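Colleague: Sequence:
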Amino acid sequence: MNNQLYLILFWMLASCGMPVSSLYQDKTVSVISAEKKEWIGGRAGVKGVIYTVKLKKKNKSSSITVKSLKAEGNTIPFVQNNIDSTIIISGNLPHENDDIKTADQMPAGAPIDNPVPQKLNPKDNWIEYTVKGSQILHRIGFQKFVSVESSEEPAP
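Start counting the sequence shown at 94; every next residue gets the next number (this note's numbering).
Since the hints were made in silico from the structure, they are not lab data. Bear in mind that the values here come from a model prediction, so they are computed numbers and not experimental data. Among the clues, some could well be false.
What the hints assert, rightly or not - The list that follows gives simulated cross-link-like pairs (lysine-lysine, PhoX-like), each with its CA atoms no further than 25 Å apart:
#  : residue 1 : residue 2
1  : K216      : K140
2  : K150      : K237
3  : K225      : K129
4  : K120      : K151
5  : K153      : K216
6  : K225      : K120
7  : K129      : K149
8  : K150      : K140
9  : K130      : K153
10 : K140      : K120
11 : K149      : K160
12 : K160      : K130
13 : K150      : K120
14 : K225      : K130
15 : K130      : K237
16 : K151      : K140
17 : K163      : K150
Stated by the list, open to error - Quick list of the computed label-pair ranges, beta carbon to beta carbon:
#  : residue 1 : residue 2 : range
18 : K216      : I133      : 43 to 51 Å
19 : D119      : S240      : 22 to 30 Å
20 : E131      : Q236      : 18 to 26 Å
21 : G134      : T223      : 49 to 57 Å
22 : K216      : V241      : 17 to 25 Å
23 : N96       : P187      : 23 to 31 Å
24 : R136      : Y99       : 40 to 48 Å
25 : L230      : W132      : 28 to 36 Å
In this text, a Cβ means the ideal position worked out from N, Cα and C, and glycines have one as well.
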């Protein structure tokens, strides 16, 4: 029976997103996880990345407001959700995928060269936040975002 329990526990843990190292913390919050998920839109040539960062408050009574999110060198618009002592920050970075454009979407006389790929800096990741009652802006950085695969089937 113990072997079955260990096997179930192993598969439950293996299916979870990989957490970010606990080294990424300060006196107020610590980073639990930082994930990114690529998406492709319903229109040709539209895709993007959803960034999700989970923080854990060290003091449940403190009120933390996230001011900015920088993901892979890009400043990302985001929403903040507070659930007990966990803060979830989700941001979306849409961009056009010129590789998928059809012939009627191309301007007349346009060259058929491949466009320059989007420049990303995978090590430039941080969050700036303030604590209620203080004007001091705190910054906590982390090494990278972990790619997460979607378990959903794409829409037809």
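Colleague: Determine for every hint whether it applies to the structure shown.
Modeller: Right, here's what the structure says about each hint:
1. K216 x K140: holds, 22 Å
2. K150 x K237: holds, 20 Å
3. K225 x K129: violated, 29 Å
4. K120 x K151: This hinted pair holds, its Cα atoms lying about 7 Å apart.
5. K153 x K216: violated, 30 Å
6. K225 x K120: holds, 15 Å
7. K129 x K149: Since the Cα atoms of K129 and K149 sit roughly 18 Å apart, the hinted pair holds (cutoff 25 Å).
8. K150 x K140: Given pair K150, K140 is violated - Cα atoms ~33 Å apart, limit 25 Å.
9. K130 x K153: violated, 29 Å
10. K140 x K120: Violated - the C-alpha atoms of K120 and K140 are around 37 Å apart, more than 25 Å.
11. K149 x K160: holds, 16 Å
12. K160 x K130: holds, 22 Å
13. K150 x K120: Holds, at roughly 9 Å.
14. K225 x K130: Roughly 31 Å separates the two Cα atoms, so the pair is violated.
15. K130 x K237: Judged against 25 Å, a Cα distance of about 13 Å means the pair holds.
16. K151 x K140: violated, 36 Å
17. K163 x K150: Holds. K163 to K150 sits at ~20 Å (cutoff 25 Å).
18. K216 x I133: 43 to 51 Å: violated, 26 Å
19. D119 x S240: 22 to 30 Å: About 26 Å separates the Cβ atoms of D119 and S240, which means 22 to 30 Å holds.
20. E131 x Q236: 18 to 26 Å: holds, 19 Å
21. G134 x T223: 49 to 57 Å: Cβ of G134 to Cβ of T223: about 34 Å, so the range 49 to 57 Å is violated.
22. K216 x V241: 17 to 25 Å: holds, 19 Å
23. N96 x P187: 23 to 31 Å: At 47 Å between Cβs, range violated.
24. R136 x Y99: 40 to 48 Å: holds, 47 Å
25. L230 x W132: 28 to 36 Å: holds, 31 Å
This entry does not satisfy hints 3, 5, 8, 9, 10, 14, 16, 18, 21, 23, going by the numbered hints stated previously.
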